[in-house]
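Please model the entire structure based on the sequences and the hints provided.
Line by line, the protein sequences are chains A and B. The first sequence begins at 6 in the numbering used here and counts up one residue at a time. The second sequence begins at 6 in the numbering used here and counts up one residue at a time.
One or more hints might be untrue.
Chain copies aren't distinguished; within one or between two, either way the pair holds.
Unchecked claim - Simulated crosslink set (DSBU-like; lysine-lysine; CA at most 30 Å straight-line): (1) K231 / K171; (2) K88 / K169; (3) K169 / K14.
Just so you know, the hints here were simulated from the structure itself, not pulled from any lab data.
2 protein chains.
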Amino acid sequence: MPPRPSKNKKAIVLLSGGMDSTVSLYWAQRRGWICYALSFDYGQRHKKELRSAARVARLAGIPHQTVRLSLPWGGSALTDARKPLPHHAEKNILKGPIPSTYVPARNTVFLSFALSWADQLGAEAIVIGANAIDYSGYPDCRLPYLRAFERVSNLGTRLGSETKKKISILAPLVHLTKADIVRLGLKLNAPMEATWSCYQGGRTPCGRCDACLLRERGFKSVLAKKKGRT
Amino acid sequence: MPPRPSKNKKAIVLLSGGMDSTVSLYWAQRRGWICYALSFDYGQRHKKELRSAARVARLAGIPHQTVRLSLPWGGSALTDARKPLPHHAEKNILKGPIPSTYVPARNTVFLSFALSWADQLGAEAIVIGANAIDYSGYPDCRLPYLRAFERVSNLGTRLGSETKKKISILAPLVHLTKADIVRLGLKLNAPMEATWSCYQGGRTPCGRCDACLLRERGFKSVLAKKKGRT
Chain A
6 MPPRPSKNKK
16 AIVLLSGGMD
26 STVSLYWAQR
36 RGWICYALSF
46 DYGQRHKKEL
56 RSAARVARLA
66 GIPHQTVRLS
76 LPWGGSALTD
86 ARKPLPHHAE
96 KNILKGPIPS
106 TYVPARNTVF
116 LSFALSWADQ
126 LGAEAIVIGA
136 NAIDYSGYPD
146 CRLPYLRAFE
156 RVSNLGTRLG
166 SETKKKISIL
176 APLVHLTKAD
186 IVRLGLKLNA
196 PMEATWSCYQ
206 GGRTPCGRCD
216 ACLLRERGFK
226 SVLAKKKGRT
Chain B
6 MPPRPSKNKK
16 AIVLLSGGMD
26 STVSLYWAQR
36 RGWICYALSF
46 DYGQRHKKEL
56 RSAARVARLA
66 GIPHQTVRLS
76 LPWGGSALTD
86 ARKPLPHHAE
96 KNILKGPIPS
106 TYVPARNTVF
116 LSFALSWADQ
126 LGAEAIVIGA
136 NAIDYSGYPD
146 CRLPYLRAFE
156 RVSNLGTRLG
166 SETKKKISIL
176 APLVHLTKAD
186 IVRLGLKLNA
196 PMEATWSCYQ
206 GGRTPCGRCD
216 ACLLRERGFK
226 SVLAKKKGRT
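Dropping the structure here:
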């Protein structure tokens, strides 16, 4: 079990505006962490998710910062609108190579900013919504990677090296399926309707990209089970 | 001994424009790495160092990118001109607490961008000028920290997880004194005159900040030994 904070312990939450990070935020709040949300404008084609992030942070009643950054070397269909988005659905993601939506070392960049804020604020946790589905697709969503970053966090900061405080990287969804995440979100009253998943970032979700397909499957699976029970 | 590259192997070099990163770059080139320089405009008061970085990269004949970023939570005398700069000199730095010029998790942020570029470019090394003097002062210049980041690099990237290539974090100066670094720079014909160290970033070096004092001591020590020999 991940650490339960004692009174007034702070956590930085990586909040993309999607379902996973939103559920992670509500999970952390429920466990007693005082949360600070951090989002990134990194040239993603679905910049629209940032409006969702702001809305979720407002609903959760927590401070929220958005950092603007550029990874000028490109290398991802998620930041280059000329590259087509893949449409695999879950099965292929779990078996196939790293998808073209992978942004080189993105989670390391995001976690490093969260770590900087944590070191400055005295926050003893960083919460990230990495999950079981991403697990097989993106290398920077796997548990050994997150454990390695935890070590970096404690060796490379004032907080970790000069005080008795330790920094934990909390990934509450890492071994959950999308259906499990939907269930957890409903249980926590997380504002799922305020979140945005679609990689296209159009007016309405495209219904075809991996993010849409995974989200839809999660909800369908939960609804089917509920129906089966009644 | 750090790995010697086989033919055409690429390395990302963190190039601040100071003496240490410049000597590290020339060290890597001498060992056969094809180098790509990366600098950061992060609101440092000595932004002047970026002109030195560009000059050094030009002299070395290598590609050079500067990433602009913001760590909006502050927390360092190096990015906040209202905070006074410390004037300790080497002896106190080695014994005292982390100095006020420490920027929260700066090297993790810098290394994460270098890692993103390395993953995109297929570069198998990241070169950083962390050194023996910084070692005791800044937590993110110590060897165990750098080893931990190396593990993050290999677990959290396409390059490290999908190919047989591994990413090394090379810190050739980590156990050298400033005098050793001056000596190495002279031996490698590194353009020391093009570098900038002073934290104040004025027209001429202030001669009082830690960066000036350490640099001066390094040169003095080398000159004294040379004089002693003649």
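Handout entry: Intra- versus inter-copy proximity for K169 and K88 (alpha-carbon distance at most 30 Å)
Key = between (47 Å within a copy, 26 Å between copies)
Problem - Within, between, both or neither: K169, K14 at alpha-carbon 30 Å - result: Within. Shortest intra-copy distance 14 Å satisfies the 30 Å Cα cut-off; inter-copy 41 Å does not.
Exercise for the section: Pop the pair K231 and K171 into one bin, within, between, both or neither, using alpha-carbon distances up to 30 Å. Expected result: For K231 and K171, the Cα distance exceeds 30 Å both inside one copy (41 Å) and across copies (47 Å).
Checked against the numbered hints given earlier, this structure breaks only hint 1.
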